[in-house]
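> What follows is the residue order along each chain.
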Amino acid sequence: MRSVRVLVPLMALALSTTACSVIGGDSSSEKPASDRVVLVTHESFALPKELTRKFEKESGYDLVVRASGDAGALTNKLVLTKDDPLGDVSFGVDNTFASRALDEGVFAPYAAALPDGADRFVLAGDDGKTLAPVDSASVCVNVDDAWFADKGVAPPTTLDDLVKPAYRGLFVTSGAATSSPGMAFLLATIARYGDDWPAYWTRLMANGTQLTDGWSDAYQVDFTQGGGKGKRPIVLSYDSSPAFTVGDDGTSTTSALLDTCFRQVEYAGVLAGADNPQGAKALVDFLLSPEVQAALPDSMYVFPVDSSVELPADWSAFAKQPTDPWQVDPADIAEHRDEWLREWSDVTSR
Amino acid sequence: MRRILALVGLAAVPLAVLGVFFVLPVSGMLSEGFWVDGRFDPGAVADVLTRPRTLRVIWFTLWSALAGTTVSVLLGVPAAHLLHRRRFHGRGVLRALLLVPFVLPTVVVGVAFRELIGEAGPLGFLGFDGSAGAIVAGLAFFNVAVVIRAVGAAWESLDPRPAEAAAALGASPAQVFRTVTLPALRPAIVSAASVVFLFCATAFGVVLTLGGLRYSSIETEIYLLTTNLLDLQAAAALSIVQLVAITALLVVTSRLRAVADPRLARTTARPPRVSVGDWPGVLATVLVGVLVGLPIAALVVGSLQVGDGWGLGNYRALTTGGSRDALLVPVTDALVTSLRTAVDATWMALSLGLLVAVVVTRRSHTRAERRVRGLLDGLFMLPLGVSAVTLGFGFLITLDEPPLDLRDSLLLVPIAQALVALPLVVRTLAPALGGVDDRQRQAAASLGAGPLRTFATVDLPVMWKPLLAAAGFAFAVSLGEFGATSFLARDESPTMPIVIFHLIGHPGAMNYGMALAASVVLAATTAVVMLAVERLRVPSLGAF
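Residue numbers (the numbering used here), protein chains in the order written: chain Z, 1 to 350; chain V, 1 to 544.
Treat the hints as calculated values from the structure; they're not laboratory data. We put the beta carbon where it would ideally sit given N, CA and C, even for glycine. You may find that some hints are simply not true.
Not close to chain Z: a few residues of chain V, all C-beta gaps over 12 Å, as computed [stated by the list, open to error]:
1. 5
2. 15
3. 24
4. 41
5. 43
6. 67
7. 119
8. 205
9. 214
10. 228
11. 308
12. 366
13. 434
Each pair of labels, with its calculated beta carbon distance range [said to hold, decoys possible]:
14. V:404 to Z:111: 48 to 58 Å
15. Z:208 to V:309: 28 to 38 Å
16. Z:84 to V:39: 17 to 27 Å
Not close to chain V: a few residues of chain Z, all C-beta gaps over 12 Å, as computed [to be verified]:
17. 70
18. 73
19. 120
20. 153
21. 160
22. 161
23. 177
24. 226
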């Protein structure tokens with residue numbers, strides 16, 4: 001029982017240091033709705049504290065960030081709560097989900113003034129009247145150049161190459177049903193092969209392609225240049241990924257195959273029925289401001305839409321963007337997503 | 001009648017909490033599926049149930065959960081014997097360590113497992129990666145500790161004399177086990193197995209990560225249907241299947257669990273040392289050690305790798321925002337957030353659990369009363385079996401009107417975690433309370449003690465150790481909870497599992513190393529908490 005006597009005060013101490021916990025913690029939700037802006041976003045949202053403080057100071061609003069789930073979960077939450085929105089403004093609905101959000105009337109019109117070069121990212125069919133493009137990132141097949149140089153094999157360059165016997169058992173990708181890059185890759189193959197895409201996937205699977213749950217599994221565990229030093233030198237990742245495999249000699253050991261890319265664009269928009277539409281508009285403008293655009297690569301691993309913004313050194317050297325990525329009409333995606341995913345699941349689990 | 005009223009009065013608070021934070025959100029999501037464009041249309045939901053894919057998904061869920069439960073029980077029961085009925089050096093530490101998997105985020109465990117069994121891993125030659133066997137191993141990894149704790153606790157307080165008598169009369173050890181020990185342990189084993197089955201049937205990350213996307217369970221299917229396809233009819237259909245299956249499971253187990261006399265024969269005999277005859281327990285414990293130890297070892301090794309060398313760089317980096325400020329907050333802050341949230345979740349789960357346990361263990365005078373108590377007992381198990389996605393989305397669409405305008409409340413996360421921990425708490429407390437002879441309370445009352453005084457002098461002395469054990473369980477559940485937490489809106493204070501998920505989801509060797517290091521820290525924190533509970537020499541860590 002002696003140990004009990006020592007431990008009880010210890011535990012009491014531990015409890016009292018943490019006990020105030022969330023109850024009694026200061027919460028900005030106490031403020032009246034007109035003094036704050038509530039941003040509903042996905043779990044990858046991140047911006048430096050100095051920037052969000054600057055926004056609060058300049059606009060006079062408190063910024064409340066509610067981040068959770070991925071882009072799909074975010075979109076569906078917005079759709080389900082459209083009659084009583086979760087906040088004032090949303091960031092993170094991408095071009096594969098945007099049509100659903102627009103069809104359901106989630107967003108209120110706001111044509112933000114777009115920075116230079118952002119025009120090419122506006123959503124087809126919306127033309128920037130509702131959704132403002134904030135960033136883009138292309139999902140591309142990446143290769144381990146060092147591995148291929150070592151083996152004396154030429155790396156693949158196109159989607160066609162991936163089904164060739166020379167690259168048998170070398171490719172790992174995350175699944176379309178469970179990950180957003182996986183879905184983007186499926187869309188790239190649909191854009192490339194049209195109605196014949198199931199046949200391509202059958203050959204891809206027959207060529208020893210490995211499927212994983214999410215990006216981190218494919219890249220970190222199975223890819224030869226990932227954290228876990230896997231066995232496969234071809235992986236599905238992003239156009240920016242080569243900027244993160246720069247070795248001591250100042251060169252990147254990986255590169256993105258720019259003929260295999262599908263571009264994801266993330267949008268911000270004012271939510272219909274927002275308590276604070278003025279604040280929401282101010283936040284959309286803030287996301288398009290040069291400071292935020294410049295912070296995007298380091299904070300969220302994406303390219304800014306503003307073409308005048310200077311990229312970090314590793315990015316401008318190694319992160320090449322595709323000039324002409326594969327595209328699928330957002331309305332088509334909205335219409336066929338279900339059917340495509342079902343067919344994809346059938347083909348890949350055969 | 002008065003007794004039933006008193007019962008309902010006592011159950012009112014937990015029932016209200018369950019109603020607001022479980023029944024309301026889940027029925028909200030179900031009605032989204034049943035009402036299409038404002039019209040009641042159950043036909044669409046029924047159609048889903050006849051799709052071949054749906055049947056395949058249900059079948060896989062059933063057999064994988066059953067296999068996971070079987071492996072957990074087959075390994076857990078002999079290991080429980082060694083860890084709770086035998087004395088050896090380092091027993092407490094071993095018991096605490098075995099609970100660590102319970103709190104590790106599945107995304108990290110998935111990575112750890114795949115580093116071992118993936119084609120590049122040391123066990124890659126087994127060809128285990130992406131197989132149903134890997135899924136079952138993963139399920140057992142997470143759940144074997146539940147069996148060990150629950151069965152071990154029951155075994156500890158088992159009177160050894162009947163077994164000794166049987167042995168003296170010439171029964172072999174196997175005969176003793178089959179005819180004396182096993183029947184006495186049956187309630188504990190059945191309860192533990194039912195909880196483990198629910199955990200297995202609703203496992204999410206394990207099925208996707210280790211199954212290589214070849215398998216879908218009801219849980220993964222609901223996730224896909226709700227967050228990706230927005231096919232709420234199909235999701236509602238599968239949620240109904242979940243609810244029906246759990247109810248059936250609870251009915252069956254409550255039958256199997258029933259014993260003639262729940263009063264515990266408490267013994268405090270000092271357990272003997274390990275002997276040759278304990279080989280099944282030793283073997284099972286070694287197997288469990290390998291199953292649990294290898295992936296954790298893989299994590300530790302990975303976390304110590306810096307570049308091509310070794311070092312503590314990943315741990316030092318935990319106080320920063322990660323390479324290129326990948327994180328809004330340093331991991332150390334997230335640990336504090338996790339601990340604070342866990343404190344809240346723990347007191348919520350304990351206060352609710354205590355009320356529920358009191359309600360369900362009081363002696364019933366009539367059949368109807370017993371039915372009501374049994375019903376309540378089962379009701380509080382339901383949150384374990386329902387998809388976190390359904391619950392999370394349900395929160396958003398139902399808790400948006402005053403007086404229940406709670407969806408932005410910071411309390412949602414601890415409340416959701418408390419709901420997950422509640423069944424474990426109830427199952428830990430109820431047997432201890434049920435073991436108190438009601439005549440002691442009657443004696444106290446006839447001596448003039450009021451209900452509170454009776455509770456303080458009769459129940460509490462028996463209860464405080466199981467209470468601490470339950471607190472440890474609840475704390476661990478909260479520390480590791482990812483599913484519901486990741487769905488709920490939160491401000492700039494993520495918990496550890498969320499931060500780890502964030503780190504591992506971005507390129508850069510540093511982020512990967514930090515994710516592993518953060519997992520090790522989370523695991524170590526849990527082990528320390530569990531060890532503290534263990535040090536309190538709780539003689540009975542509850543029985544399920």
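> Provide an ascending list of the numbers of those earlier hints which the structure does not satisfy.
7, 8, 9, 10, 11, 14, 17, 18, 23, 24
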